[in-house]
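J.: This is what each chain is made of:
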Amino acid sequence: MRVLVTDDSRVMRQIVIRTLRQAGYDWDVTEAPDGAAGLEVVRQEDPDLVLSDWNMPEMTGIEFLRAMRAEGIETPFGFVTSEGSAEMREQAEAEGALFLIAKPFTADTFRDTIDPFLA
Amino acid sequence: MSSAIDISAFHGTDPVLAIAEEVFTAMIDGEPGLVRPWTGDVPPLADEMHAWVDVHGPFPGRVLVSTEAGTAQDLARALLGMGADEAVSDEDLVDALGEVANVVGGNVKALVADPHALGLPVVDRARPATRPEDLLHSLPLDWRGRLVEVGLWTLP
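Protein chains in written order, with my numbering: chain A, 1 to 119; chain B, 1 to 156.
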């Protein structure tokens, strides 16, 4: 399993990667600092899952998701973001995201949210 | 934000404290109970660092996290899972304190009715210019004996 972690904060990318390990996901991880860089990684490496922040410079997470889908890239996509309002969750779902994990999160949050999509 | 968040409406509980406790427990300490409201006089910060995010919308506001540089270094070490004697780069120091403000700010924004948008975090050694009358809520926290202040401000 290969996952792309996209967040403009290196610290937050490290926390997401650590939490994935704590949740028991021993996956190969690629990192990207914004949506535009993430899109390049998706095009070139075709990961199995994208975890992305929402609020980023260059290209936001929702723009990243839209760009992927516009190119016909259907890679499963989930948000890990500091905002989890009902409006954002609706928007994420409408654009085709599988889930939205709001920060702060724990390994249990990751397992409870991601496990249902791994069957 | 002044008329969008009424702290007194939370019946004696401080929603910002609840947010801070959750952020520190989940992201920084890995266990509860290490952050609590500061008791007694709040000392002035020395060698201070500030991180803030702005909330844009009908009630614009700012969530400001202030602490001392040494405390910010320990926050960065905790966030990154580093040892107590490991050196923290300036880049990680700024990134870490900014993320604390970002996550607290994102959760504070959730207390405000949509539509509002969260800006990107800003970190500086200088306190951002604010007018005293714009202070909406101040929460001095004791994290492992060190002062971390969280302030909510309205923006003109």
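Please note that a few of the clues may not be correct.
[What the hints assert, rightly or not] Label-pair distances were calculated between CB atoms; the ranges are:
1) Asp124/B to Glu58/A: 15 to 25 Å
2) Arg89/A to Ala46/B: 39 to 49 Å
3) Ala86/A to Gly33/B: 26 to 36 Å
For the record, the hints were derived by calculation from the structure and aren't laboratory data. Every residue, glycine too, gets a C-beta built ideally from N, C-alpha and C.
J.: For each hint, tell me whether it holds in the structure or not.
T.: So, going through the hints one by one against the coordinates:
1. Asp124/B to Glu58/A: 15 to 25 Å: holds, 22 Å
2. Arg89/A to Ala46/B: 39 to 49 Å: The hint (39 to 49 Å, Cβ to Cβ) holds, given that Arg89/A and Ala46/B are roughly 42 Å apart.
3. Ala86/A to Gly33/B: 26 to 36 Å: The hinted range 26 to 36 Å holds for Ala86/A and Gly33/B, with Cβ atoms some 31 Å apart.
The structure is consistent with each of the numbered hints, conforming to all of them.
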